[in-house]
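A.B. asks: In order, the protein sequences belong to chains Y and V. Sequential numbering of the first sequence, starting at 1371, is according to my numbering. Sequential numbering of the second sequence, starting at 154, is according to my numbering.
It cannot be assumed that every hint is accurate.
Unchecked claim - No farther apart than 25 Å at their CA atoms in a straight line, the calculated lysine-lysine pairs in the BS3-like style are these: (1) V/Lys-354 to Y/Lys-1562; (2) V/Lys-197 to V/Lys-354; (3) Y/Lys-1567 to V/Lys-197; (4) Y/Lys-1524 to Y/Lys-1562; (5) V/Lys-191 to Y/Lys-1567; (6) V/Lys-429 to V/Lys-510.
By construction, these hints were calculated from the structure, which means they are not laboratory data.
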Amino acid sequence: MEDDTPLPRLTPKSMEQVAAMRKSEIDWHVIEACRQGDRAAFQLFFEAYKDRVYSIALHFTCDESAALDVSQQVFLKLFTAIKSFRQDSQITTWLYRIVANACMDERRRSRRFVPLDREGEAPGMSSKGSQEDNLMRRQLADSVRAAIADLSPKLRLPVLLKYIEGLSYEEIAESLGVSMGTVASRLNRGHKALARKLAHLRDELGSGGF
Amino acid sequence: MFTKHVSKELSAYCQGELGSDDSRRVAEHILGCRRCRKDLEEIKLGIQFAERITHAPAPASLWREIESLLDQQSIPQRRLSRRRSWVSWRNAGLAAAAVIVTVIVVVSWYAIHSQDAPWEVVRLAGNPTINSDRIGDEGSLGVGEWLNTDASSRAQVKVANIGEVEVEPNSRLRLVKTQINEHRVELARGSMQARIWAPPKLFFVNTPSAVAVDHGCAYTLDVDDAGATMLHVTMGWVALVLGGRESMVPTGGRCDTRPEIGPGTPYFDDASEALKKALAKLDFEAGAEEALSIVLAQSRPLDTLTLWHLLPRLTRPQRERVYDRMVLLIAPPAGVTREGVINLDETMLDIWREQLKPVWQRDDPAIWKKLLGSVGN
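The following block holds chain Y by itself, in its conformation from the complex:
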């Protein structure tokens, strides 16, 4: 279905600002515009972060509708509360704190997480290319996804923030409101758990050597 909503046209100045965005950074002009209630700035922010927020939510909940709910709540909360956002902290830290809280809230509220269908492919995660070419990769990805779903929420969140968003330990600590040592400990336990659950797939990683 086509979206009839017209997209914003950026002025040359704001195009330069967008060009200056790197990875997860939205510059202060965009944030300030969001604070002023600028819907186009909201959409710009949304476009920059939507896939990462949705990916974390989907991996955390293992459920497409729950992931959509979480993503909606995250952006709604952010957009409605952004006036109170203090520019002296990172917007990403705040965003991922909202993501983490929304994931945990969703888990507490609905308890509707269902075991991942390990035979099938989770929605929205299809890989490109021919099935034959990607079969091994898909099987490995499915197994990894299932192993992550088996992690406790405390271990799952830092793993997702690390590997989907690429946050540093410090950024994860700020987002989750815990110490860096706690992040290091949880990631350590998460890595060990994944290694043990998936050890039988070691050869499919293509590693070897001494």
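Starting from the known structure of chain Y, arrange chain V on it as the hints suggest.
C.D. replies: Frame of chain Y, contents of chain V only:
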């Protein structure tokens, strides 16, 4: 001697989250602690799996639903009246496409180039040059650039944040690549000393006759004008690889390479001179039978490092001689048979190597006593 285990720091170590001092401390502990080395392998495997997490694109409907909810909440709509300089709705599709392309270009450029930062170079003596320019007291070595030292020059190169290399006189070193998962230089001639405190397989040195692969260590590489290389490991392990041949060299070990042949067989510093001379002949010259006899006769339990590496490089009758000598020095573990080893059964060779590694690393005298006791000589 009591040392605190580093298991809880291994993820941070692997992911570059430790400072230089802590990283070095962990690396040094790992070298001497089998338990933490085992944990490190497990953590690395977990990281490899975690890196396979796939991204999921958000459904196209998500924005419409959010916008609808925003409308219900009466978010102020001032974009056209007060923020005209920010946005206009005209030519919207074209602008959106331009935004997407711009973001993709910027992000891609950043991903490709952000990790190619030049390395710091400090002059230690004389007048080192980068390409043909003198560096003064300090300089920077970019990807593709050559650092040259003459007979009276020396320089120190900082290897990103994972270690340092000292480049000795009459050397020529090029930075090939520096990215988060691979740092690579080429030593065309001369000598360098490397001290690396990163996880294994992050730092590589190309030489004319092999590639040195760091496994967390300190070592010296010398390359002569003919392209022959000599590796001397002073801490940890280094692999020399070329064309499917691999030599793993532990602390106190050496290995020579030759162009078009690749890595020779590793040996220990304190092996007998007769063994070293015969091994060079065995690796790079004719006269194999006589040389092999000398190597076997001169071998100590520690020299099973040399004998184990020789196994796949010799003929079957020669392998039989090597095996028979090895079992006199250190008995093979359960499950490793003569026939299997002679037939180069990879699993058996791996099992035997794992048994021998603590000996080669000189980890613990008790291990020596146990292994040697099992032979009864």
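A.B. asks: Next step is simple, just say for each hint if it's right about the structure.
C.D. replies: Now for the hints, and whether the structure bears them out:
no. : hint                     : verdict
1   : V/Lys-354 to Y/Lys-1562  : holds, 20 Å
2   : V/Lys-197 to V/Lys-354   : holds, 12 Å
3   : Y/Lys-1567 to V/Lys-197  : holds, 14 Å
4   : Y/Lys-1524 to Y/Lys-1562 : holds, 14 Å
5   : V/Lys-191 to Y/Lys-1567  : holds, 16 Å
6   : V/Lys-429 to V/Lys-510   : holds, 21 Å
The structure agrees with every numbered hint stated previously.
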